[in-house]
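Chains A and B are the protein sequences, given in the same order.
With the numbering used here, letter number 199 in the first sequence gets 199, and the count goes up by one each step, no holes.
With the numbering used here, letter number 81 in the second sequence gets 81, and the count goes up by one each step, no holes.
Since the hints were derived computationally from the structure, they do not count as laboratory data.
Just so you know, even glycine gets a beta-carbon here, dropped at the ideal spot from N, CA and C.
If you want the footprint, here are the derived chain B segments under chain A, 3+ residues with CB under 8 angstroms:
1) 55 to 61
2) 97 to 110
3) 330 to 337
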Amino acid sequence: MTVLAIESATAAAAVALADETGALGAIELRAGRRHVELLHVALRSLLDMAGVEIGDVRAVAVDVGPGLFTGIRVGVAAAMGFAMALGVPVLGMSSLEILRRACLCAGHRSAIGVVDIRRGDVAWSLPSLEGERAVDHHGRPAELVADVSDYLDALDELARRDGSGGKEVAVLAGDGALRYRDVLLTGLAPRVRFAGSELAVPPVTSLALAAVSELDGPRYVAASGVRPTYLRDADVRISWTTRHDAPGRSSRTP
Amino acid sequence: MRVLAVETSCDETAAAVVDDGRRVASSVVSSQVDLHARFGGVVPELASRAHVELIVPIVTEALELAGLDQRGRPVLPAADGPGAPIDAVAATVGPGLVGSLLVGVSLSKALAMAWDVPFVGVNHLEGHLYASFLEEPALELPVVVLLVSGGHTLLVEVTAPGAYQVLGGTKDDAAGEAFDKVARYLGLGYPGGPAIDRVAGDGDPELVRFPRAPMEGTYDFSFSGLKTAVVNYVDRNPEIRTEDVAASFQEAVVDVLVEKTFKAAVSLGVRGVCLAGGVAANSRLRERACAAGAGLGLPVHLPSRAMCTDNAAMIGAAGYFALARDGASGWGAGAEPGLGFGA
Ligand SMILES: [Zn+2]
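Work out the full structure, taking the sequences as your base and the hints as a guide.
Take a look at the structure:
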């Protein structure tokens with residue numbers, strides 16, 4: 001059962017193929033704003049190199065954000081197209097969850113995904129004290145500092161109670177953690193570590209493997225059911241500038 | 001050859017299945033006009049979000065109406081005609097709003113790759129030229145096409161499918177944009193074209209003689225001065241009826257459009273004139289173009305309102321001829337929001 005994973009919610013355009021035996025291959029490119037130009041080319045190359053027929057793909061997984069709106073939409077639209085044309089289901093997974101899963105695999109229990117959502121805000125995913133589930137938040141980096149600080153205090157309190165006593169350390173992963181590293185260090189050192197630039201973007205292979213592990217699970221939906229995660233309302237700005245340059249910068253039919 | 005076409009360049013989410021660039025097997029358009037109306041114009045981020053939500057249901061419906069299931073497989077076996085599988089996927093790559101274009105391009109490339117058929121990127125403006133063709137396959141070439149909408153005002157000579165040259169365009173505002181802005185100023189709401197068309201019917205088109213920018217010696221247009229003239233006139237004459245301002249403004253726009261179009265048609269010796277684009281639905285423009293054509297003995301082709309406004313059938317026709325002319329676009333095709341229109 002081959003799964004196709006698509007990651008374009010952040011600075012990367014990336015695709016991976018995986019099945020029950022593990023990852024079959026991945027291509028990850030720094031995309032800037034060229035997600036739509038790179039994503040399909042990367043997939044075509046990956047299919048050819050991995051010797052996989054597109055018709056063998058039995059499920060599609062996609063990073064639905066938070067992250068860059070246009071990048072997310074490129075990924076989601078591509079995932080919808082493949083799922084629809086192939087008649088297979090889609091799993092939309094949050095960029096924060098992908099980061100967290102990748103950290104957990106690396107053995108970091110208190111892993112926190114932090115994604116830069118622009119305009120000075122970040123989104124993060126805080127593991128619950130009970131373990132598995134995580135809760136998503138977004139706001140200023142200072143709010144993240146307060147949130148992580150409270151979380152670590154609570155963990156330490158739990159540890160004191162059961163006598164293990166250790167000082168908990170959180171691992172921050174994602175482009176938001178890297179961008180606001182100084183703010184986070186000032187507020188949280190020495191209780192945080194950084195996963196580093198290898199986890200700056202949600203690793204597409206982690207998404208693919210997660211999607212394999214959830215095959216036939218309830219989080220898979222039909223092609224039309226997957227949605228981007230925006231976290232903020234649309235800017236209401238009329239695009240007079242795009243519309244005005246003549247001739248024909250854009251089409252608006254009255 | 002059967003082409004599935006997708007159009008998401010502005011605020012219409014559209015899909016169509018077109019056979020051999022001439023026959024429309026299905027055409028589905030979902031307009032977001034209500035979504036944007038309260039803002040008085042298209043809000044790009046809202047449009048992009050809506051495209052993501054609408055695109056799969058719209059493409060699915062277009063496939064189903066053409067006898068295909070969501071996977072593009074024939075519902076009823078058939079060698080040709082309804083039920084025949086898709087041979088190529090076309091999508092508008094520009095000009096338009098980048099965030100909206102990306103949705104259609106990304107989805108369409110995925111469909112084409114999954115079905116193992118070519119993808120072809122289409123210039124939206126070229127698409128508009130095919131509106132009359134699709135409704136009148138026997139239409140004789142060459143023709144002069146007046147393409148007028150909220151984003152464009154172009155005069156184009158079409159000599160064969162896929163072969164054309166631009167004669168002129170607007171130097172500032174598009175005709176439809178002038179309608180939108182004047183309607184907004186007069187408090188007639190959005191979109192402005194139909195609003196002005198409606199009230200102008202009860203007004204006197206001769207009451208105020210607004211300036212017609214001559215753009216002497218060219219087939220170019222200019223509408224920004226006209227909009228300013230309307231605003232100045234109403235400021236000085238607040239008692240004037242809105243209906244009369246609308247009718248007089250509309251007459252000034254229609255005058256220059258009709259005059260330049262038929263001047264070009266006569267001097268080039270073409271066999272007909274086509275109107276295209278959303279403003280081609282304007283009833284005064286249609287009336288005056290018909291009268292001018294009748295006077296000169298030139299056939300005038302007026303697409304239906306559905307074919308004037310943005311739709312994917314025209315993209316399917318343009319895609320079919322672009323594929324024959326230029327071959328498939330690569331998988332690296334992207335959105336080109338500022339795409340121009342060359343010969
Ligand atoms: Zn248009």
